[in-house]
Amino acid sequence: MRVILHSDLNAFYASVECLYKPELRNIPMAVCGDPATRHGIVLAKNELAKKSGVKTGEAIWQALAKCPLLEIVAPQGHLYLQYSQLVRSIYEEYTPYIEPFGIDECWLDLTGAERSGVEIAEEIRRRIKYEIGLTVSIGVSFNKVFAKLGSDLKKPDAVSEIREENFRTIVWPLPIRALLFVGRQTEKKLGAINVRTIGDLVRCGPDFLRLRLGKAGLMLWHYAMGLDRGEVASSGAYPQVKSIGNSMTAARDLYTESEVKQVLMRLTDEVASRLREQELCCTTVQISLRDSELFSWERQCKLERPTQCSAIILAEAMTLYKNDKRSNRPLRSLGVRTTDLCRVGNSQQISYLPELQEEERWLRLERTLDSLRCRFGNKAVLRACLMSD
Amino acid sequence: MRFECSRTNLVEAINTVQKAVSSRSTIPILDGILLEVTDRIKLTGYDLETGIESKLDAEIYKAGSVVIKSRLLGDIVRRLPEEAVHFDKDENNIITIESGSSSFQLRGLPAEDYPKIPIVEDARQMIVPQKTLKEMIMQTSFAASIDESRPILNGINIISEQGTLSLVAIDGFRLAVRKEMIAGDLPDSQFIVPARTLNEVARVLEDEGDVNIFTSHNHILFDMGSVLVVSRLIQGEFMNYNSILPRNHETSMTISTRNLLSAFERASLVIRAEDRRFSVTLQTNSDDILSISAKTDIGTSHEELNIAMSGKLFDIDFNPKYFIEALKVIPDEEVLITFNGSLGPCVINPVEEDAFSYLVLPLRR
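Residue numbers (this note's numbering), protein chains in the order written: chain A, 1132 to 1520; chain B, 88 to 452.
Since the hints were made in silico from the structure, they are not lab data.
We treat Cβ as the ideally placed atom computed from N, Cα and C, and that holds for glycine.
Some hints could be false.
Result set (DSS-like, lysine-lysine): computed pairs, CA atoms no more than 30 Å apart in a straight line [as the list claims (entries may be wrong)]:
| hint | chain 1 | residue 1 | chain 2 | residue 2 |
| --- | --- | --- | --- | --- |
| 1 | B | Lys-408 | A | Lys-1373 |
| 2 | A | Lys-1373 | B | Lys-382 |
| 3 | B | Lys-408 | A | Lys-1433 |
| 4 | B | Lys-415 | B | Lys-399 |
| 5 | B | Lys-106 | A | Lys-1433 |
| 6 | A | Lys-1285 | A | Lys-1320 |
A few chain B residues facing chain A, derived, Cβ under 7 Å [stated by the list, open to error]:
| hint | residue |
| --- | --- |
| 7 | Ser-236 |
| 8 | Gly-259 |
| 9 | Phe-260 |
| 10 | Asn-329 |
| 11 | Ile-331 |
| 12 | Asp-404 |
| 13 | Leu-448 |
| 14 | Pro-449 |
| 15 | Leu-450 |
| 16 | Arg-451 |
| 17 | Arg-452 |
Beta-carbon label-pair distances, calculated as ranges [to be verified]:
| hint | chain 1 | residue 1 | chain 2 | residue 2 | range |
| --- | --- | --- | --- | --- | --- |
| 18 | A | Ala-1323 | B | Thr-113 | 16 to 26 Å |
| 19 | B | Arg-452 | A | Arg-1360 | 50 to 60 Å |
| 20 | A | Gly-1508 | B | Asp-419 | 29 to 39 Å |
| 21 | B | Asn-335 | A | Ala-1515 | 40 to 50 Å |
| 22 | B | Thr-113 | A | Cys-1432 | 16 to 26 Å |
| 23 | B | Ile-376 | A | Pro-1485 | 32 to 42 Å |
| 24 | B | Ser-339 | A | Gly-1508 | 41 to 51 Å |
| 25 | A | Pro-1485 | B | Val-98 | 28 to 38 Å |
| 26 | A | Pro-1485 | B | Thr-113 | 27 to 37 Å |
| 27 | A | Cys-1432 | B | Ala-289 | 31 to 41 Å |
| 28 | B | Leu-356 | A | Ser-1374 | 22 to 32 Å |
| 29 | B | Glu-391 | A | Cys-1505 | 31 to 41 Å |
| 30 | A | Leu-1358 | B | Leu-356 | 30 to 40 Å |
| 31 | A | Arg-1506 | B | Asn-335 | 35 to 45 Å |
With these hints in hand, go ahead and build the complete structure from the sequences.
So this is what it looks like as structure tokens:
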């Protein structure tokens, strides 16, 4: 029997902010994006705000309508990464099999440990509380899906176990939404056939679910039966990446080609740098656009050969943008995504074709920038044309 | 149209011309094989770039012509029960194929709709032994580029100069040249032939007899007696291989061809096929031992081979595929390999002769 933990940091962003400003603990507060750059939604909230009905993901004005005294705090991304890493270093003392699920959640595989899963979970919970000052909810079970479900059972600062002997009585009465990968749409579809709880789902049987939901239906039935066999990825290994992309909403609408180019440049530099970090090359470049009326669409094209060079991806993204005649309205947000990834070594084949030599020179420059940014921080080297913004 | 022929000969002819039948043409009739019956049978496959004609003898009762779907025709003839095959076409273009007690009826397409294979006019002629040309193609065509963004490099440059014929293939990272003195009158000329065409030609070439090569401005024709291959030439300026081949070198070594090939093949075992550009490292610490190693996420491999080396010690990364493909086509026992540092070109030559040269560029670490 496997021993899998799922550890979820409670109200992560909000809790980190409360560490730095203890006075926020006793008033309702929420970490929100900046409305001036049009990122004004609730990212995380503390317990008091939660009690007043503030929800993650809603716009600031909606939150304020429910809770007029809500204290709004700007997010500090680097701080959250730092704390996520601190917590991770505690997990690493127990197992190398750690699979992150977002910045604040992790699965840990403790199969074969001498102590029981609950004992270790309790110790991890205590250590994170006293050594770092954050609280976690940990689910302990025999597969990843139930471990995840377990961490949602009791919040905050708690450990819940779901055993093979008792998962039917604990899991099956829960609403269907509690199951991993059941979102709003699946819930609606299942609701239409009167499936409200996980137990209802089990009683439908695999064949019927497959008929209604396809492969996903079969997968959910297996999950509900406790048959998930998914493994916890080992520390350092990353799951098979299918695409690498980045998108952003501009601080103000973009009207001209040069404004668009600046944004695409920032996005491709970041995307290409991640390709290089993971030793991947892409063969397809995709841009996504959203105009001021919130219409969004995508354009994509294939490259002549795989690349991880920002200059080439940017040129392709610009061509896609210039050839796009979908809308005359100014653009609100842009995205760049690279797909059809293939793995490459870190070495670069030398060529005597001028265009390949040119690409190789660019790539060497970009790798140098990567290493400078790695040593001296992301802002150590900037493109001159991005200095003004 | 009515004739009787041998199944074996017909299958062979179909296999040959099928190489020029495109499987996904936008023009439906190009999926077919053109059958023309006069005093012999002539089969034609043509994809508008390469055309192949194959002739065979048969018992002819009535002349005529028709186009039949290539896949279907091949599949049927290959599986016929008896050696004797009887073809008949009626006035409605319905073809009957009979062999033993089995009989097929198919609808043919009108032969008039089939595009004409270009006629090579005002041609220059070269006569080359089939065996020689076959060897020359095998030693170069693998190095032609398959990247379609530079069509010129998808071809092989054929150069005839002062009685010497050279075939050159370049893909941007490596270069293969094979030269051969040709007896008889060889007009000076040079042209670029799609490597794909030459691979098909090499399949048909035999160890005996000569091949007649005719070239015009746009086309080339290989006449091997019963089989003809016609192809479009690639227009443009080919890279000058002499400017790429280095004049000097820093290091040279001789090594057993088979041993080096096996060592590269073993080292590649730890490199996943889908992993591109993973390298194999060649390194020397003394002038008589070469170490060949690879390190990937699967594992590592290391081995040492005896060499005779002169010049600077080296430590260079290569794409193993580029070495393996070249070493496979060198029949000689020993090769002479020269290096120019960790970023310069490396050249492989058979020790005994300089008819074949192969250049490969390293990987930058």
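Against the structure, the hints:
Between Lys-408 (chain B) and Lys-1373 (chain A), the direct Cα distance comes to roughly 26 Å. Compliance with the 30 Å bound is thereby established for this hinted pair. At most 30 Å may separate the alpha-carbon atoms for a hinted pair to count; Lys-1373 (chain A) and Lys-382 (chain B) meet this at roughly 25 Å. In summary, the hint linking Lys-408 (chain B) to Lys-1433 (chain A) is supported, as the alpha carbons are separated by about 25 Å, within the 30 Å threshold. The suggested pairing of Lys-415 (chain B) with Lys-399 (chain B) holds, with an alpha-carbon distance near 27 Å, which does not exceed 30 Å.
Restraint check for Lys-106 (chain B) and Lys-1433 (chain A): the C-alpha separation of about 29 Å stays at or below 30 Å, so the hint holds. A C-alpha spacing of about 28 Å is found between Lys-1285 (chain A) and Lys-1320 (chain A), which places the hinted pair at or below 30 Å, so the restraint holds. Annotation: Ser-236 (chain B) was flagged as interfacial toward chain A, and the flag holds, the nearest CB pair being 4 Å apart, inside 7 Å. Nearest Cβ of chain A to the Cβ of Gly-259 (chain B): about 4 Å, under the 7 Å cut. The hint holds.
Given the 7 Å rule on beta carbons, the hint for Phe-260 (chain B) holds: about 5 Å separates it from the nearest Cβ of chain A. For Asn-329 (chain B), the suggested interface contact is broken, since its CB lies about 13 Å from the closest CB of chain A, more than 7 Å. Interface hint at Ile-331 (chain B): satisfied, since its Cβ lies 6 Å from the closest Cβ of chain A, which is below the 7 Å cut-off. Of the supplied interface hints, the one on Asp-404 (chain B) holds, with its beta-carbon coming within about 5 Å of a beta-carbon of chain A, less than 7 Å.
Given the 7 Å rule on beta carbons, the hint for Leu-448 (chain B) holds: about 4 Å separates it from the nearest Cβ of chain A. Interface hint status for Pro-449 (chain B): upheld, as the beta-carbon distance to the closest one in chain A is roughly 6 Å, under 7 Å. Interface restraint check: Leu-450 (chain B) against chain A, minimum CB-CB distance 4 Å, threshold 7 Å, status holds. A distance limit of 7 Å between C-beta atoms decides the matter here; for Arg-451 (chain B) the minimum to chain A is near 5 Å, and the interface restraint holds.
Given the 7 Å rule on beta carbons, the hint for Arg-452 (chain B) holds: about 5 Å separates it from the nearest Cβ of chain A. Distance hint for Ala-1323 (chain A) and Thr-113 (chain B): a CB-CB separation of about 45 Å, inconsistent with the stated range 16 to 26 Å. The hint said 50 to 60 Å for the Cβ distance between Arg-452 (chain B) and Arg-1360 (chain A), and at roughly 40 Å that hint is violated. For Gly-1508 (chain A) and Asp-419 (chain B), the Cβ-Cβ distance of about 57 Å falls outside the hinted range of 29 to 39 Å, so the restraint is violated.
Distance hint check for Asn-335 (chain B) and Ala-1515 (chain A): the Cβ-Cβ separation is about 42 Å, which falls inside the suggested range of 40 to 50 Å. At roughly 22 Å, the beta carbons of Thr-113 (chain B) and Cys-1432 (chain A) sit within the given window of 16 to 26 Å. The given range of 32 to 42 Å is respected by Ile-376 (chain B) and Pro-1485 (chain A), whose C-beta atoms sit roughly 38 Å from each other. As the Cβ distance of Ser-339 (chain B) to Gly-1508 (chain A) is approximately 48 Å, the hint placing it in 41 to 51 Å holds.
Distance hint check for Pro-1485 (chain A) and Val-98 (chain B): the Cβ-Cβ separation is about 48 Å, which falls outside the suggested range of 28 to 38 Å. Between Pro-1485 (chain A) and Thr-113 (chain B) the C-beta distance comes to about 34 Å, which sits within the given range of 27 to 37 Å. Cys-1432 (chain A) and Ala-289 (chain B) have their C-beta atoms about 36 Å apart, which keeps the hinted 31 to 41 Å range intact. Evaluation of the 22 to 32 Å hint for Leu-356 (chain B) and Ser-1374 (chain A) yields a pass: the beta carbon distance comes to about 30 Å.
Checked against the given bound of 31 to 41 Å, the beta carbons of Glu-391 (chain B) and Cys-1505 (chain A), roughly 36 Å apart, stay inside it. Checked against the given bound of 30 to 40 Å, the beta carbons of Leu-1358 (chain A) and Leu-356 (chain B), roughly 37 Å apart, stay inside it. For the pair Arg-1506 (chain A) and Asn-335 (chain B), the beta carbons lie near 39 Å from each other, so the given range of 35 to 45 Å is met.
When each numbered hint is compared with the structure, violations occur for hints 10, 18, 19, 20 and 25.
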